[in-house]
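Start from the sequences and build out the full structure, keeping to the hints where you can.
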Amino acid sequence: MEWWSQAQDWFWGLGEKYQVDPLIFGGIYVGAIPFFFLSLGWLIRNIRAKKSIAIPILLTGFFFISAYLYLMIVGENIPWWVYLFIIALVGYGAFSTYQKVMEKSKQTSTES
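So for the sequence shown, the numbering used here puts the first residue at 1; every next one is plus one.
Everything labelled a hint here was simulated from the structure, so no lab data went into it.
From a predicted model like this one, the values you see are computed outputs, not experimental measurements.
In this text, a Cβ means the ideal position worked out from N, Cα and C, and glycines have one as well.
Taking lysine-lysine and the DSSO-like style, the derived pairs with C-alpha atoms no more than 30 Å apart in a straight line are:
1. Lys106 with Lys50
2. Lys50 with Lys100
3. Lys51 with Lys104
4. Lys104 with Lys50
Beta-carbon label-pair distances, calculated as ranges:
5. Gln107 with Gln6: 45 to 53 Å
6. Glu2 with Gly93: 34 to 42 Å
7. Ala49 with Trp80: 37 to 45 Å
8. Glu2 with Gly31: 25 to 33 Å
9. Tyr83 with Gly41: 29 to 37 Å
10. Gln8 with Arg45: 41 to 49 Å
11. Glu16 with Tyr83: 16 to 24 Å
Structure (structure tokens):
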């Protein structure tokens with residue numbers, strides 16, 4: 001169990017080093033998941049109904065990056081590679097979400 005203690009010390013040390021509360025980051029990360037899926041469902045429903053997708057897509061994007069926004073706004077002395085990693089995560093997430101939305105949209109078109 002020594003490794004568990006070391007992992008905890010490392011994890012909590014990151015929060016102190018970068019002035020970010022890991023519990024807040026984790027709470028935002030986990031807490032945003034249901035809102036992300038709700039807004040994603042809203043987005044898909046609006047695409048199917050041929051309604052405006054502006055608000056659902058903005059909310060879906062916000063909930064996807066909310067924890068990282070906290071890190072970028074509150075964090076201090078964060079290495080450049082972390083920003084690069086966040087950009088890559090957001091880019092991949094946006095691309096993946098776009099593909100899922102288009103797939104659902106095409107399914108709706110073929111069903112009609």
